[in-house]
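Line by line, the protein sequences are chains B and C. Adding 32 to a residue's 1-based position in the first sequence gives its number in this note's numbering. Adding 17 to a residue's 1-based position in the second sequence gives its number in this note's numbering.
Hints in this document: simulated from the structure, not taken from any laboratory. From a predicted model like this one, the values you see are computed outputs, not experimental measurements. Even for Gly, the Cβ is constructed at its ideal location relative to N, Cα and C. There's no promise every hint is true.
[Said to hold, decoys possible] Estimated spans, in silico, between C-beta atoms of each pair:
| hint | chain 1 | residue 1 | chain 2 | residue 2 | range |
| --- | --- | --- | --- | --- | --- |
| 1 | B | Asp89 | C | Pro130 | 41 to 49 Å |
| 2 | B | Gly104 | C | Arg89 | 35 to 43 Å |
| 3 | C | Leu113 | B | Val100 | 20 to 28 Å |
| 4 | C | Arg125 | B | Glu103 | 20 to 28 Å |
[Said to hold, decoys possible] Just so you have them, the derived chain C footprint on chain B, three or more residues with Cβ under 8 Å:
| hint | segment |
| --- | --- |
| 5 | 62 to 73 |
| 6 | 129 to 140 |
Take a look at the letters that make up each chain.
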Amino acid sequence: GAGVSQTPSNKVTEKGKYVELRCDPISGHTALYWYRQSLGQGPEFLIYFQGTGAADDSGLPNDRFFAVRPEGSVSTLKIQRTERGDSAVYLCASSPAGGPYETQYFGPGTRLLVL
Amino acid sequence: AQKITQTQPGMFVQEKEAVTLDCTYDTSDPSYGLFWYKQPSSGEMIFLIYQGSYDQQNATEGRYSLNFQKARKSANLVISASQLGDSAMYFCAMGLNTDKLIFGTGTRLQVFP
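This is chain C alone, in the form it adopts within the complex (with noise of 0.2 Å):
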């Protein structure tokens, strides 16, 4: 089955300090996409950061790294001297041959000062 777990249905972290969300996935394929999606209260889905099956380095944005370890199927994200406006939901995806996403249940962060 293809699939997406997040196990961190929410998360609190104080300003400044780095936070490490949790993401597995599950697919047979050689070949997908992992991406980490971020969603305030607003709605809209917010790119963050992308790693591919076949990339040997974490991927890195910013403040935002991806930890990848294929051999365990996590990516987690990384956030770096967290901030306030941080606090969001944020989504982890796995993208296939078939180019739809499948996301995983998000985790709500929640970054307090």
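Chain B on its own, in the form it takes in the complex (with noise of 0.2 Å):
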């Protein structure tokens, strides 16, 4: 597909429960996003990937957020021991390669509702 793509598009679990998102960047994008926006909240910043490394994850709010991109494409947000505060919809995005000039591409989200 031409654009950022996001799995699953809603996701619903049980406080508790660990959780899984994916996100496959616009192919060529060596730059990946994750954001998470909360309800009437614009987008807050969660890591950032150049390539396979996390060059800055200074976003990710405790230790049960983490998040990889083994092969410097697609990438997986992993939230462990989910709480309800961490429901929110969870954004991806890529870039050509980083930087503040450079636009970001984002996908359509992954609804996340923690009961």
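Mind assembling these two chains? They're in different frames, but the hints should get you there.
Structure below.
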């Protein structure tokens, strides 16, 4: 596909469970970002990958959150021991090479609901 | 502090009229980028327009233009000839050397016939 894709589009889980959210960036884009958007707010940065490595993970709220990008393409955001406060839309974005002047292209998001 | 402020929670505009959505930013970095995104009810963030801090001219993309006033630290989005399909949330964002985007809280635009 031409754009960023994310799966699943919706995820409902119970408090304490483990979830994985997947992001498939635009082909050839080396930079990949994860953001979290709570209801009524703008997206908030979680983590940035340049290739396979996490260049900036300063936005991850705590050690229950982890993300990987083992082959420099698809990324998985992993949340352990989910809490109700983790309910949000998780957005993934990619850009050709990264940097403040490059447009980030977003996927449709995964809506996570923790019961 | 690095921050984006959007002071208009909601705006209304009649079809075919122009509308301005306000955005002010705060940063001490000399180099930054300013972006506007549209988020319809489907949830996807759609890129609209970009302005670099060193750009001399205001950016334009079709019906979208960015009124960049560096001294005032404002980057307002102007939508001309509004269409019903323009109804959505609009977010202003700033890109810095840290690569991440900092977003405002958004403005909900409603276009009525």
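So, going through the hints one by one against the coordinates:
no.	hint	result
1	B:Asp89 - C:Pro130: 41 to 49 Å	holds (47 Å)
2	B:Gly104 - C:Arg89: 35 to 43 Å	holds (41 Å)
3	C:Leu113 - B:Val100: 20 to 28 Å	holds (25 Å)
4	C:Arg125 - B:Glu103: 20 to 28 Å	violated (39 Å)
5	62 to 73	holds (count 5)
6	129 to 140	holds (count 11)
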